[in-house]
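Work the whole structure out from these sequences, hints included.
Protein chains in written order, with this note's numbering: chain V, 15 to 321; chain A, 15 to 321; chain E, 15 to 321; chain U, 15 to 321; chain P, 15 to 321.
In case anyone wonders, no lab produced these hints; they're calculated from the structure.
All values reported here derive from a predicted model rather than from experimental measurement.
We put the beta carbon where it would ideally sit given N, CA and C, even for glycine.
Accuracy of the hints is not assured; some may be wrong.
[What the hints assert, rightly or not] Stretches of chain E that chain U covers, calculated by requiring three or more beta carbons in the stretch to come under 8 Å of a beta carbon on chain U:
| # | stretch |
| --- | --- |
| 1 | 59–67 |
| 2 | 74–85 |
| 3 | 91–98 |
| 4 | 106–118 |
| 5 | 121–133 |
| 6 | 189–203 |
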Amino acid sequence: MSIAPQAPLGIPDEAQRQWEANYHLATQESGRLFLMAGDQKVEHLNDDFIGGQVASDDADPEHLFQIASEAPVGCFATQLGLIARYGRDYAKIPYLIKLNSKTHLIKTEQRDPVSLQWQSMTQVRDFIRYSGLRVVGVGYTIYPGSEWEAQMLQEAAQLVHDAHDLGLLAVIWAYPRGKAVHGREEDSHLIAGAAGLVSCLGADFAKVNPPLDNHGTMDAKLLGEVVAAAGRTQVICAGGRETTAPEFLHRLQEQLQLGHTAGCATGRNVHQRSLPDAVRFCNAVHAMVVKNEPMEKAITLLTGNSQ
Amino acid sequence: MSIAPQAPLGIPDEAQRQWEANYHLATQESGRLFLMAGDQKVEHLNDDFIGGQVASDDADPEHLFQIASEAPVGCFATQLGLIARYGRDYAKIPYLIKLNSKTHLIKTEQRDPVSLQWQSMTQVRDFIRYSGLRVVGVGYTIYPGSEWEAQMLQEAAQLVHDAHDLGLLAVIWAYPRGKAVHGREEDSHLIAGAAGLVSCLGADFAKVNPPLDNHGTMDAKLLGEVVAAAGRTQVICAGGRETTAPEFLHRLQEQLQLGHTAGCATGRNVHQRSLPDAVRFCNAVHAMVVKNEPMEKAITLLTGNSQ
Amino acid sequence: MSIAPQAPLGIPDEAQRQWEANYHLATQESGRLFLMAGDQKVEHLNDDFIGGQVASDDADPEHLFQIASEAPVGCFATQLGLIARYGRDYAKIPYLIKLNSKTHLIKTEQRDPVSLQWQSMTQVRDFIRYSGLRVVGVGYTIYPGSEWEAQMLQEAAQLVHDAHDLGLLAVIWAYPRGKAVHGREEDSHLIAGAAGLVSCLGADFAKVNPPLDNHGTMDAKLLGEVVAAAGRTQVICAGGRETTAPEFLHRLQEQLQLGHTAGCATGRNVHQRSLPDAVRFCNAVHAMVVKNEPMEKAITLLTGNSQ
Amino acid sequence: MSIAPQAPLGIPDEAQRQWEANYHLATQESGRLFLMAGDQKVEHLNDDFIGGQVASDDADPEHLFQIASEAPVGCFATQLGLIARYGRDYAKIPYLIKLNSKTHLIKTEQRDPVSLQWQSMTQVRDFIRYSGLRVVGVGYTIYPGSEWEAQMLQEAAQLVHDAHDLGLLAVIWAYPRGKAVHGREEDSHLIAGAAGLVSCLGADFAKVNPPLDNHGTMDAKLLGEVVAAAGRTQVICAGGRETTAPEFLHRLQEQLQLGHTAGCATGRNVHQRSLPDAVRFCNAVHAMVVKNEPMEKAITLLTGNSQ
Amino acid sequence: MSIAPQAPLGIPDEAQRQWEANYHLATQESGRLFLMAGDQKVEHLNDDFIGGQVASDDADPEHLFQIASEAPVGCFATQLGLIARYGRDYAKIPYLIKLNSKTHLIKTEQRDPVSLQWQSMTQVRDFIRYSGLRVVGVGYTIYPGSEWEAQMLQEAAQLVHDAHDLGLLAVIWAYPRGKAVHGREEDSHLIAGAAGLVSCLGADFAKVNPPLDNHGTMDAKLLGEVVAAAGRTQVICAGGRETTAPEFLHRLQEQLQLGHTAGCATGRNVHQRSLPDAVRFCNAVHAMVVKNEPMEKAITLLTGNSQ
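Here you go:
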């Protein structure tokens with residue numbers, strides 16, 4: 015079980031106390047973060063929300079809020095605009111505002127990716143003040159290796175500082191991407207570099223893709239370099255494409271125990287299920303991430319009552 | 015009949031009350047929006063205003079204001095500069111300020127589209143204060159898939175927040191465009207994605223093109239995915255190219271009843287008619303959108319007295 | 015004779031009164047504008063000021079001020095820096111500050127044109143306050159169809175609003191240009207589109223090139239579409255290349271009577287003449303534009319005493 | 015001998031008085047400017063400061079300050095950072111802060127030149143206030159014909175206005191450059207255009223290259239068009255590559271007497287000499303520019319005692 | 015032994031006193047700077063921190079802080095975000111905040127390098143105020159010869175001024191790079207130019223690569239031109255790739271004695287060693303740089319007790 019890091023330096027005392035409160039809220043007093051990622055309506059447009067095995071209730075964005083409200087997630091990360099529309103009816107969810115997002119329409123072959131900050135930190139501050147919601151932090155995606163890297167690192171560094179100054183957590187989604195790194199996006203050494211970069215940006219958590227071995231298979235042991243490189247910035251792995259619940263939990267167990275990650279982020283594997291299934295799935299993830307229960311215990315929650 | 019959504023969160027109480035008043039004004043207490051789109055003098059230059067079947071009075075921009083003044087539209091969307099010139103004589107119209115516009119001179123083959131915000135929100139605020147006009151909201155066009163997408167999403171997100179902070183509605187015109195989506199601009203799944211993106215921007219209405227089936231024919235049933243993806247952000251379809259009034263009403267009926275859209279936006283189909291015809295046409299649209307009357311009833315209004 | 019439009023909406027009462035005063039001053043109480051264009055020292059560098067039939071006194075920029083001071087022009091449009099240098103000695107001239115300018119060195123084949131705002135509106139305001147000069151308005155050139163169109167429309171829209179807020183007139187030079195419109199720059203339908211665009215920007219006057227027919231000859235009747243499209247934004251034609259005075263007046267008569275333009279802008283045809291000839295030429299233009307005299311009367315002024 | 019122009023309009027009275035004081039200081043009460051150009055450590059990196067006939071003391075930047083301190087220059091133009099480092103020991107020098115600079119590493123064939131403003135005018139104001147140095151003005155280089163012309167003209171126009179508002183002189187280095195003008199950089203007609211452009215920017219002095227005739231030889235008579243085009247903005251020629259002192263003075267005589275320039279700017283021809291030689295050289299230039307002495311008299315100073 | 019330069023001009027008295035205190039702290043009262051460079055976690059991602067001869071404790075970023083805390087370095091340069099995370103536990107280290115950083119993923123063949131400022135100087139000021147850490151200065155990398163040179167010079171000039179205004183030292187990493195200088199990056203004449211450029215930016219120290227002779231071997235005598243060109247801006251050489259400790263000290267001796275540099279910067283040669291070895295290595299460097307001891311004496315420290 016990770017030990018909660020201290021608040022970052024360089025901010026007023028009151029902001030430090032607020033940061034600590036948000037840290038405990040988001041990690042559910044465990045020092046580990048179960049982040050429900052819900053920014054795909056921009057990142058993947060409607061691809062993740064319809065068709066195939068996707069539960070029909072996922073077609074409606076309210077499904078995300080229903081899950082986040084009923085399941086024991088540490089925080090639900092999505093865009094401010096969506097929170098502004100549903101937050102009044104889902105006021106107990108701990109929110110993390112995802113501050114930049116782009117569509118997946120332009121492929122790297124056409125142009126390296128760029129994603130810019132949507133709302134200013136002043137707008138975020140006002141939103142929190144007026145909404146009264148429990149906003150625990152902000153998120154931002156960087157693409158190391160993109161030709162627009164400099165712009166994104168500049169925005170990221172500034173928003174991490176401003177987030178801390180408001181007592182908010184800062185989570186950086188760090189995905190190497192662009193012509194310069196094509197085919198190496200999931201190389202563990204490169205991901206370790208990205209995680210170290212995030213620690214230099216001062217973020218509290220780095221959300222990275224789980225590294226693959228030479229055969230294209232996730233190898234949690236490769237996370238060792240990543241977690242070490244990130245230092246006191248904690249590492250969580252993105253959940254990635256949909257898979258079976260037991261397989262997901264198995265991979266999560268390896269990430270936590272072999273990779274020593276500090277939680278996990280999952281989106282599609284949660285919201286593509288029906289509400290009861292999604293809640294049960296979250297219960298299982300919560301058991302492992304927050305309660306530090308063994309996988310075998312967690313698996314039993316997949317079939318039980320969702321409450 | 016749609017239920018009026020609540021004001022967005024994250025703004026002062028007074029702004030919420032103002033937003034609600036503007037919402038009821040724009041939707042004529044019906045929860046459905048009949049938006050008269052009048053930004054074509056920039057978007058299409060003079061192409062829509064002369065020649066062919068276009069009524070000769072459409073050559074003069076005042077024609078737009080005359081229609082909007084005499085017909086029961088929910089709001090008339092056009093550029094601030096034009097409103098500043100005619101608003102004094104047409105003070106009762108509920109206006110929606112279209113904040114970005116571009117010409118159609120540069121084709122996607124030459125360069126992906128980009129359209130930037132014309133007036134700052136501070137200028138908009140001052141304009142409303144000093145003009146005393148009934149400005150119910152602002153509009154902005156995004157082109158998901160354009161190489162300039164990041165710049166437009168950033169501007170859009172900021173203006174939606176600032177609009178709400180002023181108690182104004184925010185309507186996003188969302189048109190997938192650019193080399194990356196060439197030939198797929200009217201695909202229902204892509205349009206659904208764009209509508210979901212708009213909901214993440216926090217806008218109140220998404221104005222989209224009606225989706226086409228594989229034969230290039232509008233299929234209102236395909237709107238189901240679109241309306242679902244938009245969640246509490248309401249969807250209205252652009253009217254598109256000029257057609258006969260009965261055909262327009264037929265398509266509108268399908269959009270409303272099969273697609274469950276929350277109104278419609280129409281420009282050329284209104285202003286290319288003579289003033290009396292345009293008013294009659296609007297009466298018919300109003301009957302269906304705002305009064306929820308059957309198409310058959312609406313059609314009778316096309317030939318009656320225009321008052 | 016045009017009727018003076020009302021001040022634009024959306025500005026304080028005092029600014030409206032100032033705008034009206036400036037409008038009457040610039041149009042010499044006639045509602046029609048005789049604009050002496052003097053921004054060519056940047057736009058054409060020294061090409062217009064030396065050689066061929068150009069009077070030798072045109073080599074010195076003071077020649078422009080001498081003409082504008084002695085001739086009955088409605089306003090003299092040039093760059094702020096030049097006014098700052100000569101204004102003290104020519105304090106009675108009504109000035110229009112041309113806020114952007116570019117050289118003609120880069121051709122469209124190399125790169126689409128872009129021209130950015132030189133002074134901020136705060137600097138303009140301070141210049142007016144401290145200089146005490148009679149500044150009636152500001153000017154700005156847009157190039158619809160250029161790849162940099164979005165940047166110029168954004169600057170133009172903001173400065174029109176700010177100009178009105180200071181009680182100043184806003185005149186937009188609107189010239190379709192760029193690879194996308196190559197060979198069509200003087201097409202009447204395109205020019206009409208540009209004039210309509212200017213009306214949406216909220217400018218008071220649109221300065222356009224006179225349209226050519228299929229044989230490359232100016233056809234004033236084609237201005238009908240242009241003037242109609244501009245609505246309450248008044249249209250004036252650029253004078254274009256130097257020609258004989260009677261030919262100029264003949265073309266002006268057609269523009270005013272067949273095209274219903276609201277004045278004219280002329281630069282080279284004025285300043286390439288000696289001071290006495292230039293003043294006589296301006297007297298003739300003034301007679302037609304401001305006094306609404308017939309061309310035959312105006313022609314007699316070309317040979318009389320210049321006072 | 016030129017007559018001192020009046021302060022530019024559009025600035026507070028106190029700024030006018032300060033401008034006049036700076037003008038008299040920089041022109042040494044003569045109305046003509048002897049500007050010692052010392053921005054080459056960025057513009058040419060170390061190429062001008064070592065090797066060949068360059069005096070060994072030129073390797074140290076302090077050499078520039080020693081010359082400017084001991085020789086009767088009107089002002090010494092260099093970057094703010096260098097002045098901040100040496101100014102305390104050379105407090106009597108009238109300084110002109112060169113606000114933009116670029117290296118010569120990228121050739122026009124690779125990319126058109128761009129040089130951006132280093133310090134903001136607020137930083138310049140604070141620097142003057144806190145340093146107590148005698149800063150008479152600011153300098154900025156523009157490259158008419160470059161693809162980045164618009165950005166540089168915008169910065170130049172704003173800083174000229176702000177400089178005047180602080181009572182500072184504004185000197186524009188105007189060098190046509192870029193693919194569009196390749197091979198014509200020293201054409202007199204183009205240089206005249208650039209000088210006229212500078213007058214429209216409102217600068218007090220235009221620093222241009224001396225024009226060449228068709229054989230590539232400087233022809234001072236060609237300066238007539240240049241000086242005329244600049245109007246009340248005074249023209250000084252850049253000194254250009256190192257040459258013998260008598261040859262330099264001969265060219266200077268032609269520029270002053272045939273070209274009617276208002277002084278000169280010289281850098282390499284000064285600082286590449288040893289301190290005593292440089293001072294003697296400056297004495298000779300000073301005699302001709304400021305004292306209006308004949309060349310023959312000036313030449314005698316080249317061999318005399320340097321005091 | 016260098017003489018401590020005076021504080022730069024143009025800042026308030028209190029800032030001058032603060033600058034002097036920081037100068038003495040960073041140079042350990044010696045006028046020479048031993049800078050421990052720790053920005054590689056972004057610049058080189060994880061490449062420098064794992065594999066080959068790299069000590070295993072270097073995988074954790076805390077290793078950098080442990081060394082900087084126990085070894086007699088003049089300052090430890092790294093990103094603000096990392097300092098914010100570890101500074102509370104390593105409060106005695108004199109820090110230098112490296113304000114821009116980029117990854118090495120994009121090679122010059124793909125695109126010229128650009129690295130932008132991460133935190134604003136206002137954020138830096140607040141960080142210092144609230145953290146209470148001993149921050150002695152800021153650092154910034156420029157790439158003369160890059161197509162983005164203008165943007166970086168602008169940022170650098172502004173931050174040097176603002177750093178001095180806060181009483182902080184300014185250190186510029188100056189590395190010629192880009193297609194225009196490919197293959198000449200370590201040419202002594204070009205490096206001298208870069209050092210002179212840094213002096214014009216007003217920085218206190220220029221960090222350059224040691225120049226190579228025609229055979230690709232470091233030749234400290236070539237530093238003479240570099241140090242001369244930098245004037246009162248002091249020059250330190252980057253340590254470069256890892257080498258043996260005696261070889262490093264030998265090169266350092268040559269740089270200090272033949273090249274007359276004012277200290278050194280070293281990163282990989284320090285942190286790739288185990289903590290005791292790194293401290294011993296730093297002791298040796300400190301002896302030569304700060305204590306001006308002969309190399310032979312320093313070498314004895316490599317094998318002694320690390321305290």
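Hints and how they fare:
1. 59–67: holds (count 5)
2. 74–85: holds (count 3)
3. 91–98: Answer holds; 7 residues pass the 8 Å Cβ test.
4. 106–118: holds (count 3)
5. 121–133: With 9 residues closer than 8 Å to chain U, the stretch 121–133 of chain E meets the three-residue bar; holds.
6. 189–203: violated (count 0)
Checked against the numbered hints above, the structure violates only hint 6.
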